[in-house]
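Participant: Protein chains in written order, with the working numbering: chain Y, 13 to 222; chain B, 13 to 222.
Treat the hints with care, since some could be wrong.
It does not matter which identical chain is used: a pair holds within one copy or between any two.
As the list claims (entries may be wrong) - Quick list of in silico lysine to aspartate or glutamate cross-link-like pairs, EDC-like style, CA-CA up to 16 Å: (1) Lys87 x Glu212; (2) Lys140 x Glu158; (3) Lys121 x Asp208; (4) Lys186 x Asp201; (5) Lys136 x Asp51; (6) Lys87 x Glu41; (7) Lys43 x Glu212; (8) Lys121 x Glu212; (9) Lys121 x Glu97; (10) Lys87 x Glu35.
No wet-lab data here; the hints were simulated from the structure.
Protein chains: 2
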Amino acid sequence: MNTANKKRIPESTISRLNLYLREVLILNELKIPRISSADLGERTNLSDAQIRRDLNYFGSFGKTGSGYAVPELVKSLRKILGREEFWNIAVVGAGSLGSAFMKYSGFNKENLHLIAAFDNDPAKVGQKINNIPIHDIVQIRPVLQEKKIAICVITVPAQNSQAVVDEAVAAGIKCILNFAPVALTAPDDVIVRNVDLSGELEILTYFLVH
Amino acid sequence: MNTANKKRIPESTISRLNLYLREVLILNELKIPRISSADLGERTNLSDAQIRRDLNYFGSFGKTGSGYAVPELVKSLRKILGREEFWNIAVVGAGSLGSAFMKYSGFNKENLHLIAAFDNDPAKVGQKINNIPIHDIVQIRPVLQEKKIAICVITVPAQNSQAVVDEAVAAGIKCILNFAPVALTAPDDVIVRNVDLSGELEILTYFLVH
Chain Y
13 MNTANKKRIP
23 ESTISRLNLY
33 LREVLILNEL
43 KIPRISSADL
53 GERTNLSDAQ
63 IRRDLNYFGS
73 FGKTGSGYAV
83 PELVKSLRKI
93 LGREEFWNIA
103 VVGAGSLGSA
113 FMKYSGFNKE
123 NLHLIAAFDN
133 DPAKVGQKIN
143 NIPIHDIVQI
153 RPVLQEKKIA
163 ICVITVPAQN
173 SQAVVDEAVA
183 AGIKCILNFA
193 PVALTAPDDV
203 IVRNVDLSGE
213 LEILTYFLVH
Chain B
13 MNTANKKRIP
23 ESTISRLNLY
33 LREVLILNEL
43 KIPRISSADL
53 GERTNLSDAQ
63 IRRDLNYFGS
73 FGKTGSGYAV
83 PELVKSLRKI
93 LGREEFWNIA
103 VVGAGSLGSA
113 FMKYSGFNKE
123 NLHLIAAFDN
133 DPAKVGQKIN
143 NIPIHDIVQI
153 RPVLQEKKIA
163 ICVITVPAQN
173 SQAVVDEAVA
183 AGIKCILNFA
193 PVALTAPDDV
203 IVRNVDLSGE
213 LEILTYFLVH
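Just chain Y, with the same shape it has in the complex:
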């Protein structure tokens, strides 16, 4: 495994590694010692060739014929995916979506800690949702730094989202999960992942007419 290789790993591979980790965690709980790429493929709806290709980016995990050792695969995938460290998360925008995320177990588990929110509505600032304090958006830069936030989840309206990204980047944030349906600009060393919820529904209607 060398750094030159790491840089070229596609996001889709990382996404699948996360699926593999979920499955091998279940197998590990069940004390199943080994799994073949074919069986792992069946459990994740992927081909065994795809699985071998994805894992090969990170070195050699298994021997041909005998499959992967589950505990070893859990350990390696956890390390690769940054699960051995703790990460603080903030939600920017405490509207219906932001508030849901503050209550959502998927954003607050294991090594992910959603510990702060921001909003510009005076009625929300100072309140807590699921014990997470809502700060005034004007305080975003110092609060992100003071609370050592690693990831910002952006759920503000589209027209405010670039300003939020700029503030987050100025505070040193390197990872952003954006729910605003607009193309955002950030420096090259900042990762912005976009989840376009209404876009997902809009795409489905294509399939309804075709």
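Knowing the structure of chain Y, use the given hints to seat chain B on it.
Facilitator: Here is chain B on its own, set in the frame of chain Y:
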């Protein structure tokens, strides 16, 4: 444009067509009559080659050198994406995420009507959120049919999601937007799009350690 071609169009292309439509709707509002693929590329963070390739799947939209006629592109993209018809949507699972979607404007706009929800919690059944009634999950099949629901949004816990898909498919649903972080099985003529919210965050931590 022939049906053989249509079948091979990748979902990523449909996803981008939706972005193009958003942009040309804005241009149309501003009474801008034409746009080049280069300008549309700049507005969507995509290359002009990508845009031409995506649009070429659906025939000829513009003349080289003079760009695309905006009103015509709006009309064609709306038609391709199924925007000229109305679609009813139901949310299955009225927990924190499902409730947020019931209040979320992105799931209830133009030709998308979120008109029903389902839950198995007796305290929720019979209630309304944002004027949308929450039905008993045991009634899912008749209610989906009676209300002519086209798309089901699944926000139930992972362990219940396959049972919900099976019921929705039995009711004749052909499009599912799934937020449960599991691989679901559905017949070939049913489109299941998966949005893995906690997976999105988990992937980001990869970039924090690399």
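Participant: Work down the list of hints and note, for each, if the structure agrees.
Facilitator: Here's how the hints hold up against the structure:
When the C-alpha separation of Lys87 and Glu212 is checked against a cutoff of 16 Å, the pair qualifies neither within a copy, at 34 Å, nor between copies, at 20 Å. In this assembly of identical chains, Lys140 and Glu158 lie within 16 Å of each other by CA distance neither inside one copy nor across copies; the values are 18 Å within and 40 Å between. For the identical chains of this complex, Lys121 and Asp208 are inter-copy neighbours only, at 15 Å across copies versus 23 Å inside a copy, given an alpha-carbon limit of 16 Å. In the homo-oligomer, the alpha carbons of Lys186 and Asp201 lie at most 16 Å apart inside one protomer (7 Å), although the nearest pairing across protomers, at 41 Å, exceeds that limit.
For the identical chains of this complex, Lys136 and Asp51 are neighbours neither inside a copy (49 Å) nor across copies (40 Å), given an alpha-carbon limit of 16 Å. In this homomeric assembly, Lys87 and Glu41 come within 16 Å of each other (Cα to Cα) only inside a single copy, at 13 Å, whereas the closest approach across copies is 54 Å. In this assembly of identical chains, the alpha carbons of Lys43 and Glu212 never lie at most 16 Å apart, being 38 Å within a copy and 28 Å across copies at closest. In the homo-oligomer, the alpha carbons of Lys121 and Glu212 lie at most 16 Å apart only across protomers (14 Å), although the nearest pairing inside one protomer, at 25 Å, exceeds that limit.
In this assembly of identical chains, Lys121 and Glu97 lie within 16 Å of each other by CA distance solely inside one copy; the values are 12 Å within and 41 Å between copies. Proximity of Lys87 and Glu35 under a CA criterion of 16 Å is satisfied intra-copy only: 13 Å inside one chain copy versus 45 Å between copies.
Figure legend: structure checked against the earlier numbered hints; hints not met, in rising order: 1, 2, 5 and 7.
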